[in-house]
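Protein chains in written order, with the numbering used here: chain A, 226 to 742; chain B, 4 to 277; chain C, 1381 to 1728.
Hints are not guaranteed to be accurate.
Claimed, not checked - Chain B is nowhere near these chain A residues, computed Cβ spacing over 10 Å in every case:
hint : residue
1    : R479
2    : I594
3    : E597
Claimed, not checked - Below, a sample of chain B positions facing chain C; criterion: calculated Cβ distance under 7 Å:
hint : residue
4    : A15
5    : A209
6    : Y213
7    : M235
8    : I236
9    : Y237
10   : P240
11   : V251
No lab work stands behind these hints, which were simulated from the structure alone.
In this text, a Cβ means the ideal position worked out from N, Cα and C, and glycines have one as well.
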Amino acid sequence: MIDIRNLSVRIGTTDILRDVSLTIGAGEIFGLVGESGSGKSMTALSLMGLLPRVMQASGHARLDGTDLLSLDEATLCTLRGNDISMIFQEPMTALNPVQTIGDQVAEVLTIHGKAQGPEARHIARNRLDRVGLSHIGLDRYPHELSGGQRQRVCIAAAIALHPRLLIADEPTTALDVTTQAQILDLLRDLVAEENMSLLLITHDLAVVSNMADRIAVMERGRIVEQGHTHDVLRDQNHPYTRKLFAASSHRPDRDGTATPDAILRVDDIHRHYPGARAGFRRGPPVKAVNGVSFAIKRGESLGLVGESGCGKSTLTRAILGLDPLTSGSITLNDTPVSPQMPRENRADMQVVFQDPYASFNPRWRVDRIIAEPFHLLSRKPAATDIAEALDAVRLSPDDAFKYPHEFSGGQRQRIAIARALITRPKLLVLDEAVSALDVSVRAQILDLLADLQTRFGLSYLFISHDLTVVRAITDRVLVMQAGEIVEQGKTEQVFNTPAHPYTCALLASAPKLEIPA
Amino acid sequence: MTRLPAALALGAAITGIYAAIALISLFWTPYDITNLQISNRLQGWSGTHPLGTDQFGRDMVSMLMEGARTSIAVAIVAVGIGVTLGVPLGLAAAANRGSLLDEIIMRGNDLIFAFPSLVIAILITAIWGPSATNAILAIGIFNIPVFARVARGGALPIWTLDYILAARTAGKSRARISAEHVLPNIANLLIVQATIQFSLGILAEAGLSYVGLGAQPPTSSLGRMLSESQTMIYSDPWLAVLPGLAIVILVLGLNLLGDGLRDALDPRLRRARE
Amino acid sequence: MASKSTAPRSTPTEPPTTRQTPLWPLWRRRHTLPPMLRYLLIRALSLSLSLIVASVVIFAVIEVIPGDPAAFMLGLNATDEAIANLRAELGLGGSLTERYLSWVTGMLRGDFGTSYTYRVPVSELIADRIWVSLPLAIFALILSTLIAIPVGIIAATNRGKAGDFAIMGVTQLGIAVPNFWFAMLLVLLFAVTFSLFSAGGFPGWDQPGPALKSLVLPAIALALPQASILARVMRSAVIETLDQDYIRTARARGLTRGQTIRRHALRNALIPVLTIIGLQFSFLLAGAIIIENVFFLPGLGRLVFQGITQRDLVVVESVTMLLVFAVITVTFLVDIAYALVDPRLRRK
């Protein structure tokens, strides 16, 4: 059906893709995996004829014998959305904000002359029903829908004309695990129903291992290995494939030696926001955090999992003493935590954030960046403090004189950890600290965190939506839903025998990477 | 990209030349323009008066030099008022987003926007009489909300970034964070806006002086020269064309400089080059 | 083929479904107001508040800062008796609050006071003059918008090509030209050299043809610099919109570049352009005041300058208030346009 032969893409003399060859049969799900920059998306855009203009593609990409690369723009327009459709990663921005969803789905039909007016709307209704949006009117606008619902609208538009190939580029990366599971189920069903092919592009091995009939592993613009999912998972012939698999399920060696006394106590805290304005009044208050209590022991690693909107971020900000509480108390070393707390009391708690690109003032040099927490102490940072912090995260002392943009994502996360360590705190709050990293880099950072914990006797509050990572690095775990902790316990126990229905649903939704024997 | 770096160079060159002329005119002009010599009026272009003389016998080169100086000075001070008052207000509003302070600052801004600068000038001159100082005030007041808006708009996305949270966990106050982290990162925006407001200030000064609300005799300004030459436009169009051209070239230079700076300082474009 | 139940979870971002609420009690009726109406009501209230504050500011500048307005108006050589007479005439006897309230309520009734120099009600003067200034500003606004939007789109869709380069060059020049100087050049060219239009004056609307003709040059002089700005804004708005994810989605659906621009880019690009059109109206109004001086048009601009030179504070006060009112009204119209273009505003 789809037959790609020696597809190469360049910008000028730089290769983006080199000799990519793959075939996808009718009704087949083909998984394309790789880390960021491996060329997965470029392969898809080549098929669509939507590569950025500066790039030139060569080779062949045949759809039932027609070479897509040789077609002119007008012919490609008749194919796109008709024979080949595509959905993208970010559902929040993938729909036109000023057009109703009904119009956007119906547009595919009218553009291709398959139906007009009421008939097109009727079909649009039909397709939206099929993707599970029967309760959503055609006249709704994208901003009124959640991320998962928007991705369903994109899917409805993509399948409106029963394409032969659907390309899904990281379709669930921006979504919560439970939503991800639903979207993946939907895609799987649609493939079977429509007998279409699906090219599923993802960085997540677990996702493809559960979905794809065949997979290809990409590294730096090349396919290093491809075959039936089962065979690739079992054999792992190429070293890069092995590395990717090892990193995906990596669990650092840890020796958890927690003492009984707590470094941080959270006691029945509430944080309520005023409700949204409705005219001149406000709606009922939003209970972002609603009666949460827990403690972190010294030397312990505590996980906090939950989906977006569950109140994790609000809780984190309260623990960091950035936002006031509505009620309840937080104590660090038995002194109260609040926005007004004395500076020196903060020095024992530091934080590492998710986005390695937004974590640093781009105009500051690394030495100034990592010395910033010294503001909490009475003494000035010495050169040795900076060198020691850099050394602790295995960066060179010379890196102190560089600017953040000179570092890769993983190195930046090391700088963020160095900044957090420089005041020799006892508690690190790791707020999705490895979520933005590629799996191989993530594995290295997890090892580093495990090592630092042992060396400095650190306690961790590890906040993440990624269950695999939480399982790998924590002793105990809290499960948060709608502002409340619904379950807590030893990590292995919670993961093996979840008690609360929500925990069960979360665990059931999370794609698992199982390597066949 | 449609704009070549050449545009930036041209803009900088034009601006630089005007700045030099304005500075020189502080110490020296070919003739003294306060000295009216009616007998010398309306002379053509010659070796002694390269661009001729006006209807009062004043040397046009000297008039243009002085006029450019006044116009530039008015615009610079007006931009200065806007920056020194508007930027701190905008930063404070962004640092306390959604608070009463933010609300007051933004509503105050809306209010000033409801008075076009000319209306402010009319009000001020109606009471204190026309002068260059009042023209500066009228233009400067209008610049405050412009800079407050740009500063707030630029600062808001920065306040959502993690390095701000990191600074807060390092115990730094909002004011200190605004100064250390936010201001340097919106400096580009402010520089570009300053060149825009500078060129708008030149135009506004010209407009106010033209209708008699700006610089008063014996001070010359490019707008005043236009105003004085209007009655002569049929007989001696050069008297009106020259100061107009001087304004156009200066504003063009400033706009080219501003656009060029924006492209050169835009972090998105810079990242693409790295 | 039975499909699995895939109804999504309700998430916090999902808005609550519209509840049926009874029309009574009244305080619940906010739920029954259409969201669009509610939005406009809130904007209207907020703008009315601006109007009130603006009136206080104008009142304070004109009637409080000079100390005794009557003495100010009559100048240094006035006799005490003349000042006392004028004070009585202007109603300066009462307290500030009383004077402010009577000024404001007077304006609401259409009574703007009596001009000291013209000896006629200011409302009559305004009624006369506004039919020059307002048509001129609107004429210029229409002209500027009609030119700028297509030009901006052409530039954006030809980004980096010769057409774009030419448009950017011309608009760069257009922004740099002071409109009144441009007006002088137009007079020089079309009235003096070619004698196509009159150099100034206004025949009155009882001769609609010549009246309109006499506004052509002033409107062009006003519109071209504004059109240059607007065209550049339109160009960058379209370019910015074309970078959005939903444009890529539309292309993936099989829309051609042209269809994508027409169906998706333009409406989104209009949102920032509307803001600028709103702001431009106040510039056009101010510009009109200056341009009236070039063309000797008997509009509000000439009225207010005469008011200033003759120290007729009554005229200055009322006309500036009127100008502010016009600007705020246009802001409200822009808000309505926003709501029509952007559904996100309607339901927030």
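Against the structure, the hints come out as follows:
Every C-beta of chain B lies more than 10 Å from that of R479 of chain A, the closest at about 25 Å, which supports listing it as non-interface. Here I594 of chain A does not stay apart from chain B, with its beta-carbon only about 8 Å from theirs, under the 10 Å limit. For E597 of chain A, the shortest C-beta to C-beta distance to chain B comes to about 5 Å, within the 10 Å cut-off, and the non-interface label is violated. The interface hint given for A15 of chain B is violated, since its Cβ lies 15 Å from the closest Cβ of chain C, which is over the 7 Å cut-off.
With a least beta-carbon distance of about 5 Å to chain C, the hint placing A209 of chain B at the interface is held under the 7 Å criterion. Hint status for Y213 of chain B relative to chain C: holds, with the closest Cβ pair at about 6 Å, below 7 Å. Because the beta carbon of M235 of chain B sits about 11 Å from the nearest beta carbon in chain C, more than 7 Å, this interface hint is broken. Contact between I236 of chain B and chain C, as hinted, is supported at the beta carbon level, the nearest pair being about 6 Å apart and thus within 7 Å.
Of the supplied interface hints, the one on Y237 of chain B holds, with its beta-carbon coming within about 6 Å of a beta-carbon of chain C, less than 7 Å. Because the smallest distance between the Cβ of P240 of chain B and any Cβ of chain C comes to about 6 Å, under 7 Å, the interface hint for this residue holds. Residue-level restraint check for V251 of chain B holds (minimum Cβ-Cβ distance to chain C is 5 Å; threshold 7 Å).
Taken one by one, the earlier hints fail for this structure at numbers 2, 3, 4 and 7, listed in ascending order.
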